[in-house]
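Place chain P on chain A using the hints.
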Amino acid sequence: GAVVSQHPSWVICKSGTSVKIECRSLDFQATTMFWYRQFPKQSLMLMATSNEGSKATYEQGVEKDKFLINHASLTLSTLTVTSAHPEDSSFYICSAPGQGANNEQFFGPGTRLTVL
Amino acid sequence: QKEVEQDPGPLSVPEGAIVSLNCTYSNSAFQYFMWYRQYSRKGPELLMYTYSSGNKEDGRFTAQVDKSSKYISLFIRDSQPSDSATYLCAMSPPGSARQLTFGSGTQLTVLP
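These protein sequence lines are chains A and P, in that order. For the first sequence, this note's numbering assigns the number 216 to the last residue and increments by one with no breaks. For the second sequence, this note's numbering assigns the number 1507 to the last residue and increments by one with no breaks.
These are calculated hints, taken from the structure and not from any lab test. Take these hints with a grain of salt, some might be off.
[Stated by the list, open to error] With a straight-line cut-off of 20 Å between C-alpha atoms, the simulated SDA-like cross-links for lysine to any residue are:
1) P:Lys1437 x A:Val103
2) P:Lys1397 x A:Pro140
3) A:Lys155 x A:Thr132
4) A:Lys164 x P:Gln1494
5) P:Lys1397 x A:Gly161
6) A:Lys164 x A:Lys141
7) P:Lys1462 x P:Asp1478
8) P:Lys1437 x A:Thr214
9) P:Lys1397 x A:Leu146
[Stated by the list, open to error] The following label-pair restraints were derived from C-beta to C-beta distances:
10) A:Asn170 x P:Ala1412: 30 to 38 Å
11) P:Glu1440 x A:Gln129: 20 to 28 Å
12) A:Lys120 x P:Glu1398: 29 to 37 Å
13) A:Gly161 x P:Pro1403: 18 to 26 Å
14) P:Pro1403 x A:Ile112: 22 to 30 Å
15) A:Gly153 x P:Pro1409: 49 to 57 Å
16) P:Asp1453 x A:Ser105: 20 to 28 Å
17) P:Tyr1446 x A:Cys113: 40 to 48 Å
18) A:Gln160 x P:Pro1476: 39 to 47 Å
19) P:Pro1409 x A:Gly116: 48 to 56 Å
Cβ coordinates follow ideal geometry from the N, Cα and C atoms, glycine included.
Only chain A is shown next, with the shape it has when bound in the complex:
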């Protein structure tokens, strides 16, 4: 199956700083990628859809100025958490759709963000 990587796998930062998380499709191209947030013992909540060559689409309640998304190429999307606060501490996961007719999504391993 297709492989999606994320970097870093975990990050600890001080309140008020910005953190960038990278999502890469390693062996396929992805014009669309999805960013999710997952709190402990909860399901994945879609934050935004990242579109190569155009602006990201954000879900209701997600601040686009706080969670900056850039789909720089067909294999890379980045999520920047700006002015991070402790409540932003979470597990951030990206995914990319597969190439076939099915609707599989391939998920990255996730990035655990802890804001002190």
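Below, chain P without anything else, positioned relative to chain A:
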């Protein structure tokens, strides 16, 4: 009411047991149904994929979809300790099919 309901568990079973995991949903437009397995602190891994109604079997795993009841199931036969994980159902309609709606996940522990 959530679009997708899933019993969060936790569910503990002895090794070798048959495990049944279920989700119900309210959106009749859903056509694609998936089960993901997520180990602690890892991203979800696709286990089973089904389009519309019916059954699908893959090794020890069987997925069932009953669209008339808006109910999907995942059965795990001969469960192993390595099956201990959180299982997430996910589904999507055609058209916006690449956006998935997830259940809350069921935490499963298989005891040796």
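Consistency of the hints with the structure:
no., hint, result
1, P:Lys1437 x A:Val103, "14 Å, holds"
2, P:Lys1397 x A:Pro140, "19 Å, holds"
3, A:Lys155 x A:Thr132, "11 Å, holds"
4, A:Lys164 x P:Gln1494, "19 Å, holds"
5, P:Lys1397 x A:Gly161, "17 Å, holds"
6, A:Lys164 x A:Lys141, "25 Å, violated"
7, P:Lys1462 x P:Asp1478, "27 Å, violated"
8, P:Lys1437 x A:Thr214, "16 Å, holds"
9, P:Lys1397 x A:Leu146, "14 Å, holds"
10, A:Asn170 x P:Ala1412: 30 to 38 Å, "47 Å, violated"
11, P:Glu1440 x A:Gln129: 20 to 28 Å, "21 Å, holds"
12, A:Lys120 x P:Glu1398: 29 to 37 Å, "32 Å, holds"
13, A:Gly161 x P:Pro1403: 18 to 26 Å, "22 Å, holds"
14, P:Pro1403 x A:Ile112: 22 to 30 Å, "28 Å, holds"
15, A:Gly153 x P:Pro1409: 49 to 57 Å, "53 Å, holds"
16, P:Asp1453 x A:Ser105: 20 to 28 Å, "25 Å, holds"
17, P:Tyr1446 x A:Cys113: 40 to 48 Å, "42 Å, holds"
18, A:Gln160 x P:Pro1476: 39 to 47 Å, "40 Å, holds"
19, P:Pro1409 x A:Gly116: 48 to 56 Å, "50 Å, holds"
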